[in-house]
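Peer 1: Work out the full structure, taking the sequences as your base and the hints as a guide.
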Amino acid sequence: MRTRDPISESKRASGKEEEPGSHGIWSGTISFSLVAIPVQLVKAVDTGRVSFRMLHNKDYSPLQRRMLCPEEDTIVPPEEIIRGYQIGPEKYVVVTDEELESVSPERSRTIEIIEFIDIKEVDSVYYDHPYYLVPSKGGERAYHLLVEVMRRTNKAGLAKFVLGEREYLVAVKSVEGALSLVTLHYSEEILPTEDIIPEEVKIEADEKRRIKEGINKMRADFDPEKYADLRRNKILALLKKKSREKVLVEAPEIEEVEGKGPADLIAALEESMRKVKKSR
Amino acid sequence: MSRKIIEIAGKRLSLSNLEKDLYPSYGFTKAHILEYYRRISKFILPHLKDRALTLKRYPEGVEKEFFFEKRCPSHRPAWVPTARILRHGEEPMTVCLVNDLETLIWVANLASLELHVPLARAGSPETPDSMVFDLDPGDGADILDCTRVALILRDLLANMALTSYVKTSGKKGLHVYVPVNHKETTFEDTKGFSKAVAEIMQKSYPELVTSKMAKEYRKEKVFINWSQNDSSKTMICVYSMRAREKPVVSVPMEWKELEKLAEKADPERMQITHSEAISRTEAKGDLFRDVITKEQRLPHL
Amino acid sequence: MASGAIWKGEINFGNISVPVKLHTSIREERVMFHLLHKRDHVRLRQQMICAYDRQPVPADDQAKGFEVEEGKYVIVDPEELEETVPESSRVIEVHEFVSTGQISAVFLERVYNLEPDGRSKEYTALAKTLTEMAVQGVCTWTMRKRSYIGALHANGRLLRLSTLRYADEVVPAKALELERFSLSEKEIRIASDLINHLSGAFQPEKFKNEHQKKLQGLIDRKARGEKVVVLRPKRLKPTAPDKLLQALEASLKQVA
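Protein chains in written order, with numbering that gives the first Met the number 0: chain C, 0 to 279; chain F, 0 to 300; chain H, 0 to 255.
A couple of the hints might just be wrong.
As the list claims (entries may be wrong) - Heads up, simulated EDC-like pairs for lysine to aspartate or glutamate below, C-alpha to C-alpha not over 16 Å straight-line:
| no. | chain 1 | residue 1 | chain 2 | residue 2 |
| --- | --- | --- | --- | --- |
| 1 | H | Lys37 | C | Glu78 |
| 2 | F | Lys41 | F | Asp285 |
| 3 | C | Lys57 | C | Glu249 |
| 4 | H | Lys213 | C | Glu97 |
| 5 | C | Lys216 | H | Glu92 |
| 6 | H | Lys212 | C | Glu187 |
| 7 | F | Lys232 | H | Glu66 |
| 8 | H | Lys63 | C | Asp58 |
Said to hold, decoys possible - Computed Cβ-Cβ distance ranges for the label pairs, DEER-style:
| no. | chain 1 | residue 1 | chain 2 | residue 2 | range |
| --- | --- | --- | --- | --- | --- |
| 9 | F | Glu206 | H | Arg53 | 33 to 39 Å |
| 10 | C | Asp205 | H | His94 | 21 to 27 Å |
| 11 | H | Arg179 | C | Pro88 | 55 to 61 Å |
| 12 | F | Pro58 | C | Glu193 | 47 to 53 Å |
| 13 | F | His74 | H | Asp59 | 34 to 40 Å |
| 14 | C | Ile113 | F | Arg288 | 57 to 63 Å |
| 15 | H | Pro57 | C | Lys225 | 38 to 44 Å |
| 16 | F | Glu34 | C | Lys225 | 29 to 35 Å |
| 17 | H | Gly117 | F | Pro58 | 44 to 50 Å |
Source of the hints: derived by calculation from the structure; they are not laboratory data. All figures in this text were calculated on a predicted structure; none of them were measured in a lab. Ideal Cβ positions, reconstructed from N, Cα and C, are used throughout, including at glycine.
Peer 2: In structure tokens, the structure reads:
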């Protein structure tokens, strides 16, 4: 799915999905200098209004993503899953969560802002995936101070932190009263562009004027809702077409409750039913 | 396109398309719908409170397509209360909680005529506060057959020392609720119990009742749908409007009232429209009050 | 040499058209792990399981459903949905131009570098004009049977195309429902001073993915059968709200 973020994805891949009841994808501390703020990392990208569900095309039951052991052909529960690095055919080095955290123990629970920069200096090609940080209990005051001061100074904090097998370079900035966290690509991951950029050529003033005029005719304010609605309307149109063809399907009921229920209950119900029938 | 800005409890709300006729064959506009929900708010809000709302929007009216949304729209105002629902193996999602008048009006303004909610609150999604029997007439059966089944069901439950309450579905059926409001009772309990009840009903009244979902069993019978007792299911909220030809409402009934209506044998009398829903509720008070407060334990589990 | 182009298209608006080739802008390399069964170290496979019979479902038997009512679905072929423009179309249609900075970073998904396809004059003229006017073009196109919305922007003489997320996929900050806090001017002043002291230019080359090497080192040690000492992750003690000012003052003293 295109909206899935790398951090949730790496947790899912390690068999550790979000636990019901937990709010964030990660919890820890964000710090600058001697100030430490307890925070949680939450998603800034969700699946949106238009969401699909994977179904079994035989009976239209919903599908669930699970890890399967090909040897025994069984579903493996999260507690029986471990992480391995392949060093040969069928040969793996097993690495535990604790060992992974141990690689950079100072960065697994703390997002330490190393320096502040002007966010405008960060070319958008560095942006990887956006998240938000929200304050945990007791951290609200310091959190809002950081939000407010970064807003006033127009600065963003740069930090590194480790989650699972990856170390993320991140920019933390102030957005509409909240801390936004964007994971950044490392400069070594950014492909060179020298071979793409064309040679400097002289551009006639006329040519530029022509383009400028074209652009000026099309000036507008960015309205993202417009495009989301376009997509939604497209889906609605497709659904309309589909429902004319009568292709609405329904999943079978899952009768998890097997058998007749406790014998006591059945006996009590039968006795009550006798009384009901007698009085009618 | 008309737009009107109102303010409720200091929250600003922009209402749109107020003159749009959403029940075209009856002549009932969005303004009428907002007015209905405003007047019924005192009664409906306790039943919506803290429950994950499923929106069923009819932007082009009841005769056109509807749009079903479990997620709370991301373009919601900041003051709309929400909760995050996490279910194993599924994407987490943010849902709307209709806890106040302003949110109710906002939701109605989205042309979400029907308000569907689960039997449990968002904070404890596996703990239902009532058990429900959704009585649904199959082809050839009608709401009067449902009434007969409901009355037997009431007596059967009373013999098990359980008090029950009934409301119209606003369509062709009836919904019988048994308040539980007990934090140790799970959906597993209510589902098992209701299934056993449905089966004994079918066994005792085979010509009238079926407990089986399949369409072929349901002909000329009332299907007691016990499988609604599930954390993934929702029920139409009491006092919610329905998207039918007329602006019909799901309303609670007194048992003795139901008995009388059954004698008159006129199914139309059980279709309560918006104005009647308001006048009778203002006169009788909330007949469903006990459904969310009365504590009862399911016996023999 | 630049790696091969992934797609060819033509930027179009008014009577202007600029043929371009799309190139990816990022290459990621990282240590890859596999998931194993604890008992026997058999490599696990991710599988879709049917909720009804708990059996794995092969890809051929999977369908995409759009939930139109509780438990009721319309089966949709995703390609049928994304396919709007005829496949032969290679047009990157610009619909409007917005000021640079109006498209918040949260919408940005993936960046492609554009190379002029053939004559580069229009390309260069467009790149220069976009930079000069500080605008970006909002455009749509269909690539490999999927439709995209994106932003066309310039970086010096280079044109780039970023795919954008849909508005309803982006969580607005106000949805976090954070409470407002009143802060003292003194705190704000000291914190601002502190931030200014800690500020510098953005120098991305300074940051290396050191972790990757350390992780490889750990794997090598384990492969040789060496014992690995597990270090506990360091947890910082949160600054107590009433100690905030004190911590700021101490920080400032450290750096000033």
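Peer 1: Take the hints in turn and mark each one as holding or not.
Peer 2: Quick rundown of the hints versus the structure:
1. H:Lys37 / C:Glu78: Holds, at about 8 Å.
2. F:Lys41 / F:Asp285: 9 Å, holds
3. C:Lys57 / C:Glu249: 11 Å, holds
4. H:Lys213 / C:Glu97: 15 Å, holds
5. C:Lys216 / H:Glu92: At roughly 15 Å apart (the allowed maximum being 16 Å), H:Glu92 and C:Lys216 satisfy the hint.
6. H:Lys212 / C:Glu187: 14 Å, holds
7. F:Lys232 / H:Glu66: Holds: F:Lys232 and H:Glu66 sit about 13 Å apart, inside 16 Å.
8. H:Lys63 / C:Asp58: It holds: about 13 Å lies between the C-alpha atoms, which stays within 16 Å.
9. F:Glu206 / H:Arg53: 33 to 39 Å: Distance hint for F:Glu206, H:Arg53 holds at roughly 37 Å.
10. C:Asp205 / H:His94: 21 to 27 Å: Because 25 Å falls inside the window, the suggested range holds.
11. H:Arg179 / C:Pro88: 55 to 61 Å: 59 Å, holds
12. F:Pro58 / C:Glu193: 47 to 53 Å: 52 Å, holds
13. F:His74 / H:Asp59: 34 to 40 Å: The hint (34 to 40 Å, Cβ to Cβ) holds, given that F:His74 and H:Asp59 are roughly 38 Å apart.
14. C:Ile113 / F:Arg288: 57 to 63 Å: Between C:Ile113 and F:Arg288, where Cβ atoms are some 59 Å apart, the hint holds.
15. H:Pro57 / C:Lys225: 38 to 44 Å: 40 Å, holds
16. F:Glu34 / C:Lys225: 29 to 35 Å: Since the Cβ atoms of F:Glu34 and C:Lys225 sit about 31 Å apart, the hinted range of 29 to 35 Å holds.
17. H:Gly117 / F:Pro58: 44 to 50 Å: 47 Å, holds
The structure shown violates none of the earlier numbered hints.
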